[in-house]
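Protein chains: 2
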Amino acid sequence: MLIIGELINTTRKSVREAVDTRSRELILQIARAQVEGGAHYLDVNCGNLIQREPAGMEWLVNIIQEEVCLPLCIDTPNPEVMEIGLSLARHGRPMVNSISAEEKRFSTVLPLIVRYKTKVIALCIEDAGVPKTVADRLRIADRLIADLTAAGVNEDDIYIDPLVKPLSTDTQFGLDVLETIRGIHTAHPEVHTICGLSNISYGLPNRRILNQTFMIQTMTAGMDAYILDPTDREMAGFLRTSMALLGQDRYCANYLKAFRSGL
Amino acid sequence: MLIIGELINTTRKSVREAVDTRSRELILQIARAQVEGGAHYLDVNCGNLIQREPAGMEWLVNIIQEEVCLPLCIDTPNPEVMEIGLSLARHGRPMVNSISAEEKRFSTVLPLIVRYKTKVIALCIEDAGVPKTVADRLRIADRLIADLTAAGVNEDDIYIDPLVKPLSTDTQFGLDVLETIRGIHTAHPEVHTICGLSNISYGLPNRRILNQTFMIQTMTAGMDAYILDPTDREMAGFLRTSMALLGQDRYCANYLKAFRSGL
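Listed in order, the protein sequences are those of chains A and B. If you read the first sequence in the numbering used here, its first letter stands for residue 468, the second for the next number, and so on. If you read the second sequence in the numbering used here, its first letter stands for residue 468, the second for the next number, and so on.
The shape of chain A in the complex, shown without the other chains (with noise of 0.2 angstroms):
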């Protein structure tokens, strides 16, 4: 299970304003939170700054590494943000956030990709727009698959979103993700699935039972990484009691360490 923490963001009102007076004290704070939380990689995004993403991206990065020594997810759509922020990446292997099918967003992120053999994140959306059924999803990871992993992308290094869409649209989206979990993993054992939560319960009342409960069935369904906040303790909870009953916690030792730290 790999857990990406999604929390520095500047759509983040806060996370915003520390940035735009450089403020590093709240960022240290909640970068440090979500390593206690048990995240394994930090997501950095600041794609909202727009002019000022090349500054902040950089600045972000910087400070980051200098008090945490988790690797990062570097969470945008400009290629050149992407590489200030791969080449200023130097603890383990970074991570791309994101490539997609769509043809020029593959052709000029890939390159990033190979140069500094980074972990990526590959969207199922293709140049005539987000998939409408698991077969076109299950199509574009194929195709994705295959031209990552031409590109000597292992395989064990990408990992799909199937992107989720808000139920509140239609009750078959949730379904749809899982399905094309299972025809991704069926297809290539090695590749994992990973996702946000959030996009799911959008336009519903209560949305934290709704994102918790597509938690526990993406993960029955073989999904493998989320990104998600690592500091918010119920969902905590629930992931570590969904690894111990999916056999992926020897013991049930960590769902005990959470019981015994009030998870």
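For the record, the hints were derived by calculation from the structure and aren't laboratory data. It cannot be assumed that every hint is accurate.
Quick list of the computed label-pair ranges, beta carbon to beta carbon [claimed, not checked]: (1) B:483 to A:496: 47 to 57 angstroms; (2) B:663 to A:571: 53 to 63 angstroms; (3) A:559 to B:657: 48 to 58 angstroms; (4) A:495 to B:480: 51 to 61 angstroms; (5) B:691 to A:714: 21 to 31 angstroms; (6) A:715 to B:609: 20 to 30 angstroms; (7) A:500 to B:672: 17 to 27 angstroms; (8) B:478 to A:560: 52 to 62 angstroms; (9) A:480 to B:717: 29 to 39 angstroms.
As a list, the in silico BS3-like pairs of lysine-lysine whose alpha-carbon atoms are at most 30 angstroms apart [said to hold, decoys possible]: (10) B:584 to B:571; (11) B:599 to A:632; (12) A:571 to A:599; (13) A:599 to B:724; (14) A:724 to B:632; (15) A:599 to A:632; (16) B:599 to A:724.
Anything over 10 angstroms on all C-beta distances counts as not near chain A; from chain B, calculated [stated by the list, open to error]: (17) 476; (18) 481; (19) 641; (20) 714.
Note that the Cβ used here is the ideal one computed from N, Cα and C, for glycine as well.
Could you slot chain B onto chain A? The hints should help.
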């Protein structure tokens, strides 16, 4: 999704006392509460009364049916008590809880299933004992389904219980159940699967979260019936949420209703 309310069981002290003293009101309260909680069947179990089990079953079945129109799930290892329950059942088709592949049990219970045209819970146990592997469980399930259908029972009336064993004794046991469910539904799409949830968490702390998570996981693998406490509002909330995410709730109507009723 089929929910069997588990609360009318004389292993619960208050129920035992009510049966011993023939106090109708508590039993009827429990029956009504389970109906309101969404149960489709009410389980009736007074096996620990031993010699007084036949009279206890007769009394319980009669008073419950005066008050409540749900069909009953007659829960006893004793074929004579089973026949008392089945012969008195008059709302819908009763359910037998349970038959197994143990030779004597199978041969004594099968005639009752056929005579009373019941639905049936079939446990994956044989004379050699509780199965150790997924393959053993699937072999026993295949045999139960073959023998029951040969006797004229419809596949749609069969609920296979894969037998849930405590995770605390082997961290593989949760995964074994999930694989068994998938195997049964692949081989026999018309057959249902069912389980009780509390065994999985036996011997571990914070059993509620384990039971909740295991319900979501087994539903994701295809389980479509549970024996549980329908008055447990948290569990009911997860049940409705999981159904919505699995595309079993058109327009999320039941999810929204559950939210409005405060589940």
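Review point. Where does the structure disagree with the numbered hints, that is, which hint numbers, in rising order?
Key: Violated hints (numbers, rising): 11, 19, 20; every other hint is consistent with the structure.
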